[in-house]
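Could you build all of it, start to finish, from the sequences and the hints given here?
Number of protein chains: 2
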Amino acid sequence: MRAVARAISLVEDEDSRAPALLKALFPHSGRAFVLGVTGPPGAGKSTLVDRLTAHLRKEGKSIGIVAVDPTSPYSGGAILGDRIRMQAHALDEGVFIRSMATRGHLGGLAAATGHVLTILSAAGKDVVLVETVGVGQDEVDIVGTADVSLVVLVPGLGDEVQALKAGIMEIADVFVVNKSDRDGADRVVAEIQSMLSMASHDGHRPEIVKTVGTADQGIDELLRAVEAFRAKAGETGLLAKKRRAHLRQQFEGTLEERLMGLVRSRVLAAGEAERLVDRLAARELDPFTAAEEVLRKMGLS
Amino acid sequence: MRAVARAISLVEDEDSRAPALLKALFPHSGRAFVLGVTGPPGAGKSTLVDRLTAHLRKEGKSIGIVAVDPTSPYSGGAILGDRIRMQAHALDEGVFIRSMATRGHLGGLAAATGHVLTILSAAGKDVVLVETVGVGQDEVDIVGTADVSLVVLVPGLGDEVQALKAGIMEIADVFVVNKSDRDGADRVVAEIQSMLSMASHDGHRPEIVKTVGTADQGIDELLRAVEAFRAKAGETGLLAKKRRAHLRQQFEGTLEERLMGLVRSRVLAAGEAERLVDRLAARELDPFTAAEEVLRKMGLS
Chain F
1201 MRAVARAISL
1211 VEDEDSRAPA
1221 LLKALFPHSG
1231 RAFVLGVTGP
1241 PGAGKSTLVD
1251 RLTAHLRKEG
1261 KSIGIVAVDP
1271 TSPYSGGAIL
1281 GDRIRMQAHA
1291 LDEGVFIRSM
1301 ATRGHLGGLA
1311 AATGHVLTIL
1321 SAAGKDVVLV
1331 ETVGVGQDEV
1341 DIVGTADVSL
1351 VVLVPGLGDE
1361 VQALKAGIME
1371 IADVFVVNKS
1381 DRDGADRVVA
1391 EIQSMLSMAS
1401 HDGHRPEIVK
1411 TVGTADQGID
1421 ELLRAVEAFR
1431 AKAGETGLLA
1441 KKRRAHLRQQ
1451 FEGTLEERLM
1461 GLVRSRVLAA
1471 GEAERLVDRL
1481 AARELDPFTA
1491 AEEVLRKMGL
1501 S
Chain U
1201 MRAVARAISL
1211 VEDEDSRAPA
1221 LLKALFPHSG
1231 RAFVLGVTGP
1241 PGAGKSTLVD
1251 RLTAHLRKEG
1261 KSIGIVAVDP
1271 TSPYSGGAIL
1281 GDRIRMQAHA
1291 LDEGVFIRSM
1301 ATRGHLGGLA
1311 AATGHVLTIL
1321 SAAGKDVVLV
1331 ETVGVGQDEV
1341 DIVGTADVSL
1351 VVLVPGLGDE
1361 VQALKAGIME
1371 IADVFVVNKS
1381 DRDGADRVVA
1391 EIQSMLSMAS
1401 HDGHRPEIVK
1411 TVGTADQGID
1421 ELLRAVEAFR
1431 AKAGETGLLA
1441 KKRRAHLRQQ
1451 FEGTLEERLM
1461 GLVRSRVLAA
1471 GEAERLVDRL
1481 AARELDPFTA
1491 AEEVLRKMGL
1501 S
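Which chain is which? The protein sequence lines are F and U, in order.
The first sequence runs 1201 to 1501 under the working numbering.
The second sequence runs 1201 to 1501 under the working numbering.
Keep in mind that the hints were calculated from the coordinates and are not lab data.
Mixed in with the good hints, there may be bad ones.
Which copy? The list can't say, so a pair holds if one copy fits it or any two copies do.
Straight-line alpha carbon distances no greater than 20 Å define the calculated EDC-like cross-link-like pairs of lysine to aspartate or glutamate that follow [what the hints assert, rightly or not]:
(1) Lys1432 <-> Glu1457
(2) Lys1258 <-> Glu1421
(3) Lys1410 <-> Asp1250
(4) Lys1441 <-> Asp1478
(5) Lys1497 <-> Glu1457
(6) Lys1497 <-> Glu1456
(7) Lys1497 <-> Glu1474
(8) Lys1223 <-> Glu1492
(9) Lys1441 <-> Glu1427
(10) Lys1223 <-> Glu1484
(11) Lys1258 <-> Asp1338
(12) Lys1261 <-> Glu1214
(13) Lys1497 <-> Asp1250
(14) Lys1441 <-> Glu1472
(15) Lys1441 <-> Asp1383
(16) Lys1432 <-> Glu1474
(17) Lys1223 <-> Glu1456
(18) Lys1432 <-> Glu1370
(19) Lys1258 <-> Asp1215
(20) Lys1223 <-> Asp1478
This is the structure:
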């Protein structure tokens, strides 16, 4: 566990040793089953992840949990408080939990999360749960490339919150209506069904499972729906397609990071970037011509 | 208005004529005052933007509004519904309103929004209001580079929604506590004050203004706070610093887009990207080595 934690820290700190480590680990990765969990704020995602972990542990599976949190210097405390619930598993050697900040990843959040999945998979975790708040595009993209993506909704969210769910509907392999002991749960189910009736889903129509995370209700049904999707997606080739999309994302993120790193270190020497911005600010230069200048310096135009 | 709408469509459609157009417009841009508005879902941002627009119109200012929406094939209707409120201004020639989807911008959402600001500024708008949902990092970054950034909070949001606000606290130049006729408004003000007391703000401590958007209350006070910030930020050099940050973001976004475009068109010929992904999927190749191969082909390593 300590080695895994240190490896992830190297990635998060963008340590110069991280690429070599990830290169060495990559051939051993790709074996964990990755389950993405997303949904609007207040949907009870963390509790669901906690319950899914407990059930999967009973089956003897080793678990990795990656919680992608929107954080800032102000928020550390609040988010950590939220994670304290997970400490039941913190004493369990079969569960590895890591929170990731959404800020400060040079190659983008998706790339950084991909690297953490590589590490957890190479460490032999059977299942990796990735939890994000499904309102930012990055966060949605991350969950969208999991083997199976859960979208968690709840009764009684305001209109604008429900509109937010729009961006995440299309990535759902299984819908979860959590807090389904509340009024309006059946209306949420009906709304999802009516949306699904209008859309195409690569021949796969997502199941809708009702849960009450805090009461541990519906978790077995949810895991059965996940397994059913995985089996079917394995047969139809959809699973392979999703894994390829994730690999393409990882590759492009890495390449973008390397290219921009080269630009910063070689082409835009110290002070030169500032001089470019000076000329932009004076409106002597526009961003397109500036980009072309850099490409020319790199011998690329 | 029609020319502005067409120019924005060229940018959104990534038309090959867009770069030349933006180059030509850029020298005429940078004159509009850009006011960013962000906050969690349900904070009443659209209503506030509507009220701010009405007040600014009374002062004779011409207005551009850019609403960055999380959209998907499913959501078009819902979001459009939300925008219908703005149609009061749609009949006003002095107001230009445009919604932007958060998906499908090759150079990133921030770059695309920057281009739209260039167009609206060059078209002579006095004030451009940029509204985003402050939960995705991209959306926060966009508002963070406005001349003045408003962060809108409301009483009575759930805990997790309040945690979300964390990521946006640091970009606030002025805080708005909207729906302040509700219970708990003073508690929200006190919470913001306690957070501010712990943080540094480049010598500037954000004002907190209470509003009731739907009742048109507090809007003049809000505009006075905005103007006070702008005046002070102009003197201290903070405004110039923010504008430089925005220009740097536009330049880097453009460069990244051009570099990745070159990779796709020149280095990764048809089918070659797929073969790379094949090798990644077979674990014969890792993303870092793949990126290095591409850099070598480009003569960059």
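| query | Which of the listed hints are broken here? | reply | 1, 11, 12, 13, 15, 16, 19
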